[in-house]
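Engineer: Could you build all of it, start to finish, from the sequences and the hints given here?
Those sequence lines, one after another, are chains A and B. So the mapping is simple: the numbering used here equals the position in the first sequence, first residue as 1, plus 1389. So the mapping is simple: the numbering used here equals the position in the second sequence, first residue as 1, plus 39.
Any given hint could be a false lead.
[Unchecked claim] Straight-line Cα separation of at most 25 angstroms, DMTMM-like style, residue types lysine to aspartate or glutamate; simulated pairs:
id, chain 1, residue 1, chain 2, residue 2
1, A, K1676, A, E1476
2, A, K1407, B, E264
3, A, K1525, A, E1476
4, B, K44, A, E1461
5, A, K1407, B, D192
To be clear, the hints were calculated from the coordinates, so they are not data collected in a lab. Keep in mind that this is a model prediction, so the values were computed, not measured.
Here is what each chain is made of, one letter per residue.
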Amino acid sequence: MSDIIIATRDLSMSYGSKPAVRGLNLAVPRGSICGFLGRNGAGKTTTLKLLLGMLRRDAGDIRLFGEPMASEEAAIAARRRTAFVSEDKELYPFMTVSQMIRFTRPFFPTWRRDLEKKYLHLFRLPQEKPVPKLSKGMRTQLMLLLAMARGAELLIMDEPTSGLDPAVTEEIMEALADLVASDGTTIFFSSHQLAEVEQICDRVCLIDDGQAVIDGVLDELKSQYRRILLVFDGEAPKELAHFPGVDHVRRRGRTASLLAHADIDTVVDRTRQLGPRSVEVHPVTLKELFLDHVKGD
Amino acid sequence: MLWYKAWLETRWRFVFTIGSMALLFLPGPLLGVPPERLWRSLQLGSALLYCFAALFLAGAGINSQTTYGAMSGFHRSMLFTLSLPVSRRRLFFVRAGLGAIETCVFVVMMAGLTLYWMPGAIRIAQVLQYGTRAIVCTLAVYAASAFLACVLDEMWQFMGAWLCLTVVWLLQPRSDLVSQLSPLRGMSLFSYPATAPMPWAPVVASAVTATVLVCASVLVLQRKEY
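Structural biologist: Here it is, written out as structure tokens:
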């Protein structure tokens, strides 16, 4: 049994001449909750569809549960162990909640009635209500129920909480954390909600322009990175960008903001040699990491 | 469950097709129209009705796996369908298979009605022969429409299929080859009366065409990016 549930190596895929994913390398361990971050159009949904075998890759390898996704049969076998919640949360408009559950159940031999009952109760879903009459939050909860009750080892979600109110979001986050704690399910989800990613994820992968720019354990990343704020008497010097260990620099007049990830003390010492009036070192938030990497210099 | 899903997603088109037939032909006997006249109208229009049924039922989301059209307006539940542990080939065969069965049911009902009103005696063997050729030739039209549903959106699938049929119909009197092999002639009582011998050429051509088009549809769907 592989400890790495999702592994991609040099994964690439283009829509015509437009590259969507470029040499993506990912490794998501079993039992982790991994947030997949990136701007709109960064390649998140394409990556998720590639993992599920809905799109065909141009180059690179995908391994799910340690098995290569080399054929349609392999993709079907992987989908048997994987549950997916799409971004749009659309289900059959002619079914009620209970019909939708009864319809989905036979497709999955590992379906868990105990989880079905548990989440029906937790989400307070009205069983006889038709799908089109459900609120957006309830529709998301129904999609999650259908995914979580499959007894899947891997749950892949595309923007699971977009457009939901904070109360529903909180309920969903708690349910996901509970699923990982009780069943050891691995969760991989894309999101723009940095606060929720920070709340429940133990790993993050930040993708920009089809490439992973950050991938690692969230706590380690946060302890590894520091924000260094500098104020100079004159214009902030340009050579700051060339310091080793500095990922990004933003200069605005007399001030400069550096995002550094290695050997922070050495970086600070070197900046002091440029004669700044003040130097401050701060821990970084996930939001800062995200913005610095996707907005560029 | 896939068959049940396919039925849920195609049932309204099927009901509409059967309902249209009922609306067209039930008022006749109720209004006292003589069976000979009814039979004559069915004899003339049967091929047209078979084609309409085949085209309409093949447009029921074979590509998009939804209740909506063939391709236009993808419903997002398609992603749910594609995430099921089922091959695309199977998704296609179940969906197209159910559509083909529905088309066959329509053809059998129409053929039954036609022969019921047919003046004069007819043998069981002739009934079976007519039913077989009507089904095989209609399925060729269905397969053509299903193939177009995999590459065109709903409107163009319907229009494109009608255009192809119109071309075949126009070529029939001008080309011996088309005339010999045309499924439109094969399915029509006007071209080959029920008492005539089995017209093997259009039947075999239709069977081959349907097989080739089904294989082509599977290849297209296998390569499709969603």
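Engineer: Return the numbers of the hints above that this structure violates; sort them in rising order.
Structural biologist: none
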